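A.B. asks: Using our numbering, the letters of the sequence shown correspond one by one to residues 52 to 245.
Each hint should be verified, as a subset may be incorrect.
To be verified - In the BS3-like style, the derived pairs of lysine-lysine whose C-alpha atoms are separated by at most 27 Å in a straight line are:
| # | residue 1 | residue 2 |
| --- | --- | --- |
| 1 | 53 | 119 |
| 2 | 135 | 53 |
| 3 | 199 | 102 |
| 4 | 225 | 67 |
| 5 | 190 | 70 |
| 6 | 102 | 225 |
| 7 | 188 | 199 |
| 8 | 102 | 64 |
| 9 | 190 | 86 |
| 10 | 98 | 194 |
| 11 | 98 | 225 |
| 12 | 135 | 121 |
| 13 | 86 | 199 |
| 14 | 119 | 238 |
| 15 | 225 | 64 |
| 16 | 179 | 189 |
As the list claims (entries may be wrong) - So the derived label-pair ranges between C-beta atoms look like this:
| # | residue 1 | residue 2 | range |
| --- | --- | --- | --- |
| 17 | 169 | 65 | 41 to 49 Å |
| 18 | 188 | 227 | 20 to 28 Å |
| 19 | 103 | 126 | 29 to 37 Å |
| 20 | 101 | 168 | 32 to 40 Å |
| 21 | 132 | 168 | 30 to 38 Å |
| 22 | 123 | 188 | 27 to 35 Å |
None of these hints come from the bench; they were simulated from the model. No experiment lies behind these values; they were computed from the predicted model shown. Ideal Cβ positions, reconstructed from N, Cα and C, are used throughout, including at glycine.
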Amino acid sequence: MKLYSIQPVEVAKLLKEGKTFICDPEKSGFSVELKEAYAWMVTQMEKRFPKPSNVVFPIWAWHTYDWKRKLNLEEGGFGIPGTKYACLELAVPDEQVLLSDFDNWHAVLNGYYLADGKNEIEWEENHKWFDSLPLSKKKIIMKKSWEKIFDVTPINSDWVINGQYIQATFWEIKPEYLQNVTYFIDKEMEDDEI
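Using the sequences and the hints, build the whole thing.
C.D. replies: What follows is the structure in structure tokens.
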């Protein structure tokens, strides 16, 4: 599967030296506030394929960005403006990748219920139903709703957008996954791109 991962320049160097890259939690910018969300994603990945013993967190990459399969690095917003990065074009075996909808992932990050609804009325009815549940059931139902992030079927309607931004998680980047490297200096996104 073709994926694009934005990484520090040092990661490209490591891969070119024939070494495997895994996420270092100390350098990842991991936030304690997001610990539950990341742990949930790790659990979902472990249900699908084994985690190497030396890995704590997965690698993140883009599968689809604004409906496109290739990143436009000129748009900016991929990291800290003014910082040089390596955009790694990777070919990762399909069975080692978990795809999820980036926008819906925010339900997991922010700990809220991911409601269904093809229109405003359905969405509001779904939320009313959820709000009426006892607290003991809400957390169970909320976490079950998060599994919808793995449906990456493209939908672009007046009320539902799905699959516009698809992220990929996998455990490691092996040197043989590397297809190409594009170095770039990130810039701020324009106001109309935010």
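A.B. asks: Against each hint, give a clear statement of whether it holds in the structure.
C.D. replies: Hint by hint, here is what the structure shows:
As the CA atoms of residue 53 and residue 119 are separated by approximately 12 Å, the hinted pair is consistent with the 27 Å bound. In summary, the hint linking residue 135 to residue 53 is supported, as the alpha carbons are separated by about 22 Å, within the 27 Å threshold. For the proposed pair residue 199 and residue 102, the alpha carbon gap of about 22 Å is at most 27 Å, so the pair holds. Proximity of residue 225 to residue 67 is assessed by CA-CA distance (about 10 Å); at most 27 Å being required, the pair is judged to hold.
About 41 Å separates the Cα atoms of residue 190 and residue 70, which puts this hinted pair outside 27 Å; it is violated. The suggested pairing of residue 102 with residue 225 holds, with an alpha-carbon distance near 14 Å, which does not exceed 27 Å. Distance check on the hinted pair: residue 188 and residue 199 sit about 18 Å apart at the alpha-carbon level, within 27 Å; holds. A C-alpha spacing of about 24 Å is found between residue 102 and residue 64, which places the hinted pair at or below 27 Å, so the restraint holds.
Taking the CA atoms of residue 190 and residue 86, the gap is about 16 Å. The hint holds against a cut of 27 Å. A distance of roughly 15 Å separates the Cα atoms of residue 98 and residue 194; the hinted pair therefore holds under the 27 Å criterion. For a cut-off of 27 Å, the pair hint linking residue 98 to residue 225 stands: about 22 Å separates their Cα positions. Annotation: proposed proximity of residue 135 to residue 121 holds, straight-line Cα distance about 19 Å (limit 27 Å).
The suggested pairing of residue 86 with residue 199 holds, with an alpha-carbon distance near 20 Å, which does not exceed 27 Å. Taking the CA atoms of residue 119 and residue 238, the gap is near 20 Å; set against the 27 Å cutoff, the hint holds. The hinted pair formed by residue 225 and residue 64 meets the criterion: a straight-line CA distance of about 12 Å does not exceed 27 Å. Note on residue 179 and residue 189: the hinted pairing holds, with a Cα-Cα distance of about 12 Å set against a maximum of 27 Å.
For residue 169 and residue 65, the Cβ-Cβ distance of about 46 Å falls inside the hinted range of 41 to 49 Å, so the restraint holds. Range check, residue 188 to residue 227: Cβ separation about 47 Å, and the 20 to 28 Å hint is violated. For the pair residue 103 and residue 126, the supplied restraint of 29 to 37 Å holds, since their beta-carbon distance comes to about 33 Å. A beta carbon spacing of about 36 Å between residue 101 and residue 168 agrees with the range 32 to 40 Å that was offered as a hint.
The beta-carbon spacing between residue 132 and residue 168, approximately 37 Å, falls within the hinted interval of 30 to 38 Å. Judged by the Cβ atoms, the range 27 to 35 Å given for residue 123 and residue 188 is violated: they are separated by roughly 44 Å.
Checked against the numbered hints given earlier, this structure breaks hints 5, 18, 22; the rest are met.
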